[in-house]
Amino acid sequence: MLNLTQKTIRSVELKESLFKKLLVLSGLVVVFLMSGLFLTLFTKSLLSISHSGFSFLTSSTWDPVKETYGALPFLLGTLITSILALLISLPFSAALSIFIGEYLKEGFWTTVLNSSIDLLAGIPSVIFGFWGLFVVVPIIRKIELFLGIIPHGVGILSSSIILALMIIPYSASISREVISLVPQDIKEAALSLGATPFEMVTKVILPYAKSGIFAGFLMSFGRAISETMAVTMLIGNSNKIPSSIFSPANTLSSVIANEFAEAAEAEYLSSLIELALVLFFVTAFFSLVGRFIIKKWMVNA
Amino acid sequence: MINTIKSLTRLSAILGLILITLSGCSSSSKTVELQGAGATFPYPLYSKMFDAYYKENDIKINYQAIGSGGGIRQLKNKTVDFGASDAFMSDKALEKTKGTILHIPICLGAVSISYNLPGIDKLKLSSDVLADIFLGKIKKWDNARIQEINPGVKLPSISIVSVHRSDGSGTTFIFTDYLAKISSTWLDVVGRGKSVNWPDGLGGKGNAGVAGIVQQTPGAIGYIGHIYAIQNKMAVASLKNKSGRFITPSIKTVSYAANTPIPEDTRASITNSAAKNGYPISGFTWILVYKDQNFNSRSKEQALQTKRLLDWMVTQGQRFAEPLHYAPLTTEVGNQAKAIINTMTYSGSPL
Numbered sequence: 001m002l003n004l005t006q007k008t009i010r011s012v013e014l015k016e017s018l019f020k021k022l023l024v025l026s027g028l029v030v031v032f033l034m035s036g037l038f039l040t041l042f043t044k045s046l047l048s049i050s051h052s053g054f055s056f057l058t059s060s061t062w063d064p065v066k067e068t069y070g071a072l073p074f075l076l077g078t079l080i081t082s083i084l085a086l087l088i089s090l091p092f093s094a095a096l097s098i099f100i101g102e103y104l105k106e107g108f109w110t111t112v113l114n115s116s117i118d119l120l121a122g123i124p125s126v127i128f129g130f131w132g133l134f135v136v137v138p139i140i141r142k143i144e145l146f147l148g149i150i151p152h153g154v155g156i157l158s159s160s161i162i163l164a165l166m167i168i169p170y171s172a173s174i175s176r177e178v179i180s181l182v183p184q185d186i187k188e189a190a191l192s193l194g195a196t197p198f199e200m201v202t203k204v205i206l207p208y209a210k211s212g213i214f215a216g217f218l219m220s221f222g223r224a225i226s227e228t229m230a231v232t233m234l235i236g237n238s239n240k241i242p243s244s245i246f247s248p249a250n251t252l253s254s255v256i257a258n259e260f261a262e263a264a265e266a267e268y269l270s271s272l273i274e275l276a277l278v279l280f281f282v283t284a285f286f287s288l289v290g291r292f293i294i295k296k297w298m299v300n301a
Numbered sequence: 302m303i304n305t306i307k308s309l310t311r312l313s314a315i316l317g318l319i320l321i322t323l324s325g326c327s328s329s330s331k332t333v334e335l336q337g338a339g340a341t342f343p344y345p346l347y348s349k350m351f352d353a354y355y356k357e358n359d360i361k362i363n364y365q366a367i368g369s370g371g372g373i374r375q376l377k378n379k380t381v382d383f384g385a386s387d388a389f390m391s392d393k394a395l396e397k398t399k400g401t402i403l404h405i406p407i408c409l410g411a412v413s414i415s416y417n418l419p420g421i422d423k424l425k426l427s428s429d430v431l432a433d434i435f436l437g438k439i440k441k442w443d444n445a446r447i448q449e450i451n452p453g454v455k456l457p458s459i460s461i462v463s464v465h466r467s468d469g470s471g472t473t474f475i476f477t478d479y480l481a482k483i484s485s486t487w488l489d490v491v492g493r494g495k496s497v498n499w500p501d502g503l504g505g506k507g508n509a510g511v512a513g514i515v516q517q518t519p520g521a522i523g524y525i526g527h528i529y530a531i532q533n534k535m536a537v538a539s540l541k542n543k544s545g546r547f548i549t550p551s552i553k554t555v556s557y558a559a560n561t562p563i564p565e566d567t568r569a570s571i572t573n574s575a576a577k578n579g580y581p582i583s584g585f586t587w588i589l590v591y592k593d594q595n596f597n598s599r600s601k602e603q604a605l606q607t608k609r610l611l612d613w614m615v616t617q618g619q620r621f622a623e624p625l626h627y628a629p630l631t632t633e634v635g636n637q638a639k640a641i642i643n644t645m646t647y648s649g650s651p652l
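Residue numbers (this note's numbering), protein chains in the order written: chain A, 1 to 301; chain B, 302 to 652.
I should point out that these hints are in silico values taken from the structure, not numbers from a laboratory.
Bear in mind the structure is a predicted one, so any value in this text is a computation, not a measurement.
Check the hints yourself; a few may be wrong.
BS3-like, lysine-lysine: derived pairs with alpha carbons at most 30 Å apart [stated by the list, open to error]: (1) LYS44/A with LYS438/B; (2) LYS142/A with LYS534/B; (3) LYS142/A with LYS455/B; (4) LYS440/B with LYS240/A; (5) LYS44/A with LYS534/B; (6) LYS66/A with LYS440/B; (7) LYS438/B with LYS142/A; (8) LYS240/A with LYS482/B; (9) LYS438/B with LYS423/B.
Looking at chain A on its own, in the form it has when it is part of the complex (with noise of 0.2 Å):
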């Protein structure tokens, strides 16, 4: 008896200390798989860094046949479309964050919004791509020849606005759960001292969250920087430095997409690579400033 209870402790703390190891595993594989990725973009980049130097990213010129890769216009275009992605969802995700947050709180249309949200999240982007480049297009090409400009059609506009769509789900779903986690009481207060819905919200429920809306924000944003598909389909790929809204121009990912598979020679090859470093410091850029920004504010609040 006295055997037997000991046995079941003893089993019962292996698995214990199994468990607790597998989640240590699980930590540690992270950690290695993020140095990993980034040595292997780093070494095999180092042909290019050591063909190219610093000019790769002051350059604007890309031309494989003459071995000269700047890769600044990538640069600018994924920031570029990035940012007016984010500017153009902006009001949207916040509007309706707040709406589902707040407003509407349950019942069969939140069920029915809630669901939407998230259906629109699982989209896969070639969809979207396909979607922008039969509707969007056609539209903003429309646009242009009422402008009396060339008519592409496809450029950073297009793109950032399907851009726009495909990160509305991302904040809005983040906003929506800090709207609500917002505590009652603190807005009863606001209420019962006179202050309007529209008051409470900005005064009491904004300042409140703005370090989870501030986090969705950034999460849609990284979203829009590494969205390859369907800003290759709608971006109109040309290599230049874009002059306006309305200019073709091309992306650190979509560029990547469309040469890696027919590059031979050993620079062409590590110059591709680096874009991928490039976009890598990129994203980790905005996350790490993003970080800051949200620790910040949290201790504001």
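Dock chain B against the given chain A, drawing on the hints supplied.
Frame of chain A, contents of chain B only:
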């Protein structure tokens, strides 16, 4: 929790067993299997050929259409029996490779110039006009130089939007190779390659991407793989060739383009061909193999089967080309290809 772990362990054990059984199955097959990788352009033809070859000879061939660049890379890494490319390797690239690589032409492809001008179903273009359109020098369709070669056609006064491939492609190589031959400005400013620094216009991904932009944008002009243009019945321009005739692309006019002397190793571009009725933007697609077949501990049997397959592709296999809209090799080039295949060796001795 403990139950979950238990069932997880059980599940992984079962999965492991399945994996072991599967790997056992694949290693137990005794017949030789050949691995190839490369160009996407000839993929429909190759897959038809390899399927027929498997039925006739019971030799399985695995071909991955990962792009010419990837094919060359895998051949250099010696992980495949053969590579495939739409552009021949340059002298510089061959020098850098360990071991001699042979180019074996399999069929011909061409590039069509497609355009979107509502109401105009016949358009003629000369080489210098084509180059200046893609250089961004001719900006409107009613330009005097275009009108001059199209008398009687009412050209609209709309902007020209030139469309190119955004992805690296053999199609781009053939097209830019042609422009580099007929325009010295093009050669200086852009040059030839699978991806180039385009001075003007929009990029579309793949033939489908270019075709999509051309069909949607009034005033657009783009270059498209000849087969894709035929299958989608697109409006294509006829081009003035070296002997001054306006030629529309077709299987015949593409084959004619190869009626011109080419070097022994077949590493030649036949764009701007001097052949009288040849379509000027045509080119070969090649399979690449090592001259000496003993590498990466390959068996002699494997080497022999590779040689037999290539022999078959340039002879009996050619019958599959035309039904799929590829232009087959001419008799002369076919003989040259056979001669190249016969130089293959295994550890220095002929196969």
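The hints, checked one at a time:
no., hint, verdict
1, LYS44/A with LYS438/B, "violated (39 Å)"
2, LYS142/A with LYS534/B, "holds (26 Å)"
3, LYS142/A with LYS455/B, "holds (24 Å)"
4, LYS440/B with LYS240/A, "holds (18 Å)"
5, LYS44/A with LYS534/B, "violated (44 Å)"
6, LYS66/A with LYS440/B, "holds (26 Å)"
7, LYS438/B with LYS142/A, "holds (25 Å)"
8, LYS240/A with LYS482/B, "holds (25 Å)"
9, LYS438/B with LYS423/B, "holds (23 Å)"
The structure is inconsistent with the numbered hints 1 and 5, although it conforms to all the rest.
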